[in-house]
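**Q** Below are the chains, spelled out letter by letter.
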Amino acid sequence: MRDAGIQTHESLSLTIGRVPVQLRFPCPELREAALGRYAAFADAREGGEAKGVLPIRLESTPRPPGASAGFRYAHEGAQVWLEGATAHFSGVRSEYTLDSLLRILLSWLLPPLEGFLLHAATVMRSGRAYVFPGRSGAGKSTLASLSPTGSVLTDEISLLRREGDAWRAYGTPFWGEFRSAGSNCSAPVQGIFSLVKAEGNSVRALAPREALRAILPCVLFFSSEAQARKRLLDLLAGAVAEISCYELRFRRDASFWDVLPAAASPVSRRGRAEAQEARCT
Amino acid sequence: MHVNEGPRDCWRKNPLLAWREIEGETVIIAPDESVMHELNDTGSFIWRHLDGRHTAAQIAGLLAAEYDVSAETALRDTEALVADLAQRKLLVRAGMAEGEGGQW
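First to last, the sequence lines map onto chains L and G.
When we follow our numbering, the leftmost residue of the first sequence carries the number 1432, and every step to the right adds one.
When we follow our numbering, the leftmost residue of the second sequence carries the number 113, and every step to the right adds one.
Since the hints were derived computationally from the structure, they do not count as laboratory data.
Note that beta-carbon positions come from the ideal geometry of N, C-alpha and C, so glycine has one too.
Keep in mind that a hint or two might mislead.
[To be verified] Think about it this way: if two alpha-carbon atoms lie no more than 30 Å apart in a straight line, the pair counts; the simulated DSS-like pairs of lysine-lysine are: (1) G:125 - L:1661; (2) G:201 - L:1661; (3) G:201 - G:125.
[Said to hold, decoys possible] One side of the interface only, derived from the structure: several residues of chain G facing chain L at Cβ under 8 Å: (4) 127; (5) 128; (6) 130; (7) 132; (8) 134; (9) 135; (10) 137; (11) 139; (12) 141; (13) 143; (14) 148; (15) 150.
Input sequences plus hints: build the corresponding full structure.
**A** Pasting the structure below:
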């Protein structure tokens, strides 16, 4: 059933990391701005409701005080909350606020789907995803700028999902200083490389606990709910056990690729050769 | 149980935090922060017994029996760790309502 008053031209369907959502706008202007930002992630379907697609209504008023919500979060005057099978955003006055609320919502939706968002650049090479987590200033955008055109999935927010018993990294429309439209591609994860700026290049394998310590501050997560926090920790513990993790000390040129493990024969920590391929939508 | 010890001298893990053992050691993520706290082997032993039913003295007794350590050292180390964990709000007093907190 369609929502009363929501016209086809005022909705925008997106799929980010295999999570389908449909934004429903109160005005066409905001939709145009969003389409400009998320074009690479837009789906053909429009209007109405499709099974498995999460509707996101952009509201003109905040969530009523005391109203029940499955998840809620306030961010710089804007709000995101989940009520039943519908998400709501309020206080969205620009595509930048929309961007922030989408990140927050995805960080909540992903862990039950065995995924999470990470402050990380991801670069594809030989069909494999190299994930470089780091907080602001760690060198994510620098590293992206040193990578070949078309190989960067994101320079800011990476999306990782466990699929079967392998991990896949997805590009997202959430970009940093690199300022590109985003790459709607995904690839099996070759490794996670925690960034440290240095005079030279070197790579050191991290034990799972070291890896968890390195990536935890880079994970996007906004819920204070204990169960959600536990589920995330379990997921991250699985990720650092199953993905090869490293500390990458790198200098500001493309020579850091020389020290990274080659993608010729990718083998996960479980010792199993991975036969998956890169995909672009 | 030591003289003057009661149920309020027992501590339990803060129900709002997330923790698990990795490679035999404990990692803890506290509520409202993304900082990882880590406990070594003996710290993990103490952590496992912070279940709201054991006092620090009882846990120290178990620790001394399990590891090659004197009763005095075990008690001193256990009390120091419990105090530290409580200060970081990773523990709450047994019988205390959620969110009531507690000072060591």
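**Q** Evaluate each hint against the coordinates.
**A** Checked hints:
For the suggested pair residue 125 (chain G) and residue 1661 (chain L), the alpha carbons sit about 13 Å apart, so the restraint of at most 30 Å is met. Distance restraint check for residue 201 (chain G) and residue 1661 (chain L): the Cα-Cα separation of roughly 17 Å lies within the 30 Å cut-off, and the hinted pair is therefore satisfied. With a C-alpha separation of about 9 Å, the suggested pair residue 201 (chain G) and residue 125 (chain G) falls inside the 30 Å cut-off, and the hint holds. Of the supplied interface hints, the one on residue 127 (chain G) holds, with its beta-carbon coming within about 6 Å of a beta-carbon of chain L, less than 8 Å.
At a threshold of 8 Å, the smallest CB-CB gap from residue 128 (chain G) to chain L is about 5 Å, leaving the interface hint in force. The closest approach between the C-beta of residue 130 (chain G) and any C-beta of chain L is roughly 4 Å, which is under the 8 Å cut-off, so the hint is satisfied. Among the interface hints, the one on residue 132 (chain G) holds; its C-beta lies about 6 Å from the nearest C-beta in chain L, closer than the 8 Å criterion. Among the interface hints, the one on residue 134 (chain G) holds; its C-beta lies about 5 Å from the nearest C-beta in chain L, closer than the 8 Å criterion.
Of the supplied interface hints, the one on residue 135 (chain G) holds, with its beta-carbon coming within about 6 Å of a beta-carbon of chain L, less than 8 Å. For residue 137 (chain G), the interface hint holds, the least distance from its beta-carbon to any beta-carbon of chain L being 7 Å, beneath 8 Å. With a cut of 8 Å, the hint placing residue 139 (chain G) at the interface with chain L holds, because the nearest CB-to-CB distance is about 6 Å. Hint status for residue 141 (chain G) relative to chain L: holds, with the closest Cβ pair at about 6 Å, below 8 Å.
A cut of 8 Å between beta carbons decides the hint on residue 143 (chain G): the least distance to chain L is about 6 Å, and the hint holds. Interface restraint check for residue 148 (chain G): the shortest CB-CB distance to chain L comes to about 5 Å, inside 8 Å, so the restraint holds. With a cut of 8 Å, the hint placing residue 150 (chain G) at the interface with chain L holds, because the nearest CB-to-CB distance is about 7 Å.
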